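Visitor: Chain by chain, the residues:
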Amino acid sequence: MWGKVYTGFGYWDASAWILFFFIAAFFTLWLRSQGRSDYKKGTDQDEIYWSGNEVPEDGEDITVPASSAYWGFRKALEPFYKGLLGMHTGIATDIVGYYVIAVAFLAVFILLV
Amino acid sequence: MNWNEHLPALILIIPLFGAFIAPVCSLGGKTARNILLVAISFLTLIVAFMLWRHVLANGISYYVMGGDKFNLSLPSGMALPVRIILEVDAFSAFMALCGAIVSFAGALFSVNYMNRFTGMGRFVSLYCLLTAGMIGMMVTGDIFNFFIFIEISSIASFGLIAFWRDKPTAIEASFKYALISQVGSMFILIAAGALYGRYNMLNMAAIGSVLKMGSMEKLVLVFLVGSLAMKCGTFPMHMWLPDAYAEAPTGVTCLLVAVSQASLYGLMRVCFSIYGATMGSSFIPWMLIVFGLASMFFGVSMAVVQHEIKRLMGYHSVSQVGYMLLGLGVGLLVLDDARAMADYGFTAIKGGVFHIFNYTMYKALLFLTAGAIYYATGKKDLNEMGGLARRMPYTTFMFVIAAAAISGLPPFNGFVSKLLIYESSFAVHPFLAVVALVTSVLTLASFVKVFQTAFLGPEKSSLAKVQEVPAAMLIGMVVLTAAILGASLFPSWTLSTLVEPAARALVDQSGYIGAILGGGM
Chain A
1 MWGKVYTGFG YWDASAWILF FFIAAFFTLW LRSQGRSDYK KGTDQDEIYW SGNEVPEDGE
61 DITVPASSAY WGFRKALEPF YKGLLGMHTG IATDIVGYYV IAVAFLAVFI LLV
Chain B
1001 MNWNEHLPAL ILIIPLFGAF IAPVCSLGGK TARNILLVAI SFLTLIVAFM LWRHVLANGI
1061 SYYVMGGDKF NLSLPSGMAL PVRIILEVDA FSAFMALCGA IVSFAGALFS VNYMNRFTGM
1121 GRFVSLYCLL TAGMIGMMVT GDIFNFFIFI EISSIASFGL IAFWRDKPTA IEASFKYALI
1181 SQVGSMFILI AAGALYGRYN MLNMAAIGSV LKMGSMEKLV LVFLVGSLAM KCGTFPMHMW
1241 LPDAYAEAPT GVTCLLVAVS QASLYGLMRV CFSIYGATMG SSFIPWMLIV FGLASMFFGV
1301 SMAVVQHEIK RLMGYHSVSQ VGYMLLGLGV GLLVLDDARA MADYGFTAIK GGVFHIFNYT
1361 MYKALLFLTA GAIYYATGKK DLNEMGGLAR RMPYTTFMFV IAAAAISGLP PFNGFVSKLL
1421 IYESSFAVHP FLAVVALVTS VLTLASFVKV FQTAFLGPEK SSLAKVQEVP AAMLIGMVVL
1481 TAAILGASLF PSWTLSTLVE PAARALVDQS GYIGAILGGG M
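If you read the sequences in order, they're chains A and B. Per our numbering, residue 1 is the first one in the first sequence, and the count goes up by one each step. Per our numbering, residue 1001 is the first one in the second sequence, and the count goes up by one each step.
Calculated from the structure, these hints are not laboratory results. The structure displayed is predicted, hence computed values, not measured ones. Hints are supplied without guarantee of correctness; some may be wrong.
Lysine-lysine pairs mimicking DSBU-like chemistry, simulated, CA-CA at most 30 Å apart [as the list claims (entries may be wrong)]: (1) B:1167 <-> A:40; (2) A:82 <-> B:1379; (3) A:75 <-> B:1167; (4) A:82 <-> B:1380; (5) B:1460 <-> A:41; (6) B:1465 <-> B:1380; (7) A:75 <-> B:1379; (8) A:41 <-> B:1465; (9) B:1167 <-> B:1460; (10) A:75 <-> B:1460.
Starting from the given sequences, assemble the full structure and let the hints guide the process.
Guide: In structure tokens form, the structure reads like this:
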């Protein structure tokens, strides 16, 4: 039940990973417990530090929306995404068209090989 | 009477009975209807579990419909099986068990999720019908009957996707699915008709025993592979899927995940049990591998840029189907090479089969968490969410488990099945494993985005009154979470008990054929 999973090239041992997780969790919690708990609440000591900028009152103003996440990745791959998104027109005849083309492609090549 | 012998029929009769009784039961009010939905799903799950246990203990189980005896596949004087025969081997039983678990979880979730809507009699009826169609595809041994069950599940799906018929987007999604699904079904019908015309039989085992590869058989194979690959959401035939998954009520989306796996089951049944070693050429196995790679990479690439939560998860479904196609394609590639099969082919098949279980559980759970968010906030767009972990701690916990599993993070079950696929596909060519690994990284990136934008960060003022979802919805999610954690903590038990018998049954073409053609002789 707890045994190893052999892949033919190596193995996976869930129990070893779980043991590692508990050891790592122990050290993490121990490190955290070394922190100082004598800070003064309500003073500058518990203010948010935001790269020296003034922190907006409303947290929503500093949220990065999901549509902006990984913008650099998308910018770098712009030509790829232009093609990929252009393919997804959402038009019903296009959807059926890709399917028919794929089946036709398979049909032609399977008869040739 | 030994009930175990009737399990293949019972697993179909129970959800079908539920579908027909639902409109009558709805006259008794909400409570009666909800009890019916959960009871039918639970009974189906119990029968699926018993059937799986029975098949593991006693080998392939079959059931002859409409014959003199239910356990006589070849009555005296007959050389070929002529009745509709349900044939359940370990692979079919495994698939039916996966589907029944998801159906039960989706039913529990829907009790509260759908409570505020009208027309629930129709909903329960179609839900049970979809379950019956899905399980029918998995247990039938007859190719025309397979087409019938595809149609049953498709028609139920069209109705359920367009259940909120006041939403134009739901109608549009249902229409697109109906259109492509019907074209696909026609190809399957033509393929079944061609096989019947050629061999004078419709039983899959019997066809497998006499099939010889010619031009007609090649075209039949292409029609079946193309149509079933489309139905399980393979690139570039996947475009109906994100729309359909995003617009269907969440309990239905959860079940649609399992229905797509029924199509994948059909694809594997055609390739391994009907054609098997007679396929001869490596063209179709390689095409499955190529489709798998394309689905993985392009599916996840599309998912990364989505910000509507169910649509994002829909594209991940395309990507995850790619892993299964890759694993099973590699296995099919070396089907007639005993040494390669022993070295890495069977590992690839085990990885593919294990991934079917894992994907069905964690993807269904992810859709349920998305539905829970929609239920609590009324929002689907990630841009409008934030800080939900404080208000919905249980949903957050279960989302994290499902997201870690789909991303292939150790020690979760997704990691184990992906590891088997990586290492076995690497033996064919390193490029295959590289694409699979890159896909996994992008999957993680995508779910980190969802977690960060929906659950972390400052709380949105518009979400200040959000509360955790009701208990029945949480229990539906807990069922799937328990399955994921079980497969993660006990991978060797899961592999040896659940996955390996299914994988062995899949590659055992002679066993599948012999169970029917040996019966009554």
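Visitor: Are residue 82 (chain A) and residue 1379 (chain B) close enough, with their CA atoms no more than 30 Å apart?
Guide: Since the Cα atoms of residue 82 (chain A) and residue 1379 (chain B) sit roughly 28 Å apart, the hinted pair holds (cutoff 30 Å).
Visitor: Would you check the hint for residue 75 (chain A) and residue 1167 (chain B), treating anything up to 30 Å between C-alpha atoms as holding?
Guide: Given pair residue 75 (chain A), residue 1167 (chain B) is violated - Cα atoms ~34 Å apart, limit 30 Å.
Visitor: Hinted pair, alpha-carbon criterion (30 Å max): residue 1460 (chain B), residue 41 (chain A). Please report holds or violated.
Guide: Measuring from Cα to Cα gives roughly 25 Å; hence the hint holds.
Visitor: Would you check the hint for residue 75 (chain A) and residue 1379 (chain B), treating anything up to 30 Å between C-alpha atoms as holding?
Guide: holds (27 Å)
Visitor: CA of residue 1167 (chain B) to CA of residue 1460 (chain B), is that 30 Å or under?
Guide: holds (27 Å)
Visitor: Taken at face value, is the distance from the CA of residue 1465 (chain B) to the CA of residue 41 (chain A) at most 30 Å?
Guide: holds (28 Å)
Visitor: Can you confirm whether the C-alpha distance between residue 1465 (chain B) and residue 1380 (chain B) stays at or below 30 Å?
Guide: holds (17 Å)
Visitor: Does residue 40 (chain A) sit within 30 Å of residue 1167 (chain B), going by the straight-line distance between their CA atoms?
Guide: violated (54 Å)
Visitor: Measure nothing beyond the straight line between the CA atoms of residue 82 (chain A) and residue 1380 (chain B); if it is 30 Å or shorter, mark the hint as holding.
Guide: holds (25 Å)
Visitor: Check whether the Cα positions of residue 75 (chain A) and residue 1460 (chain B) lie no farther apart than 30 Å.
Guide: holds (28 Å)
When each numbered hint is compared with the structure, violations occur for hints 1 and 3.
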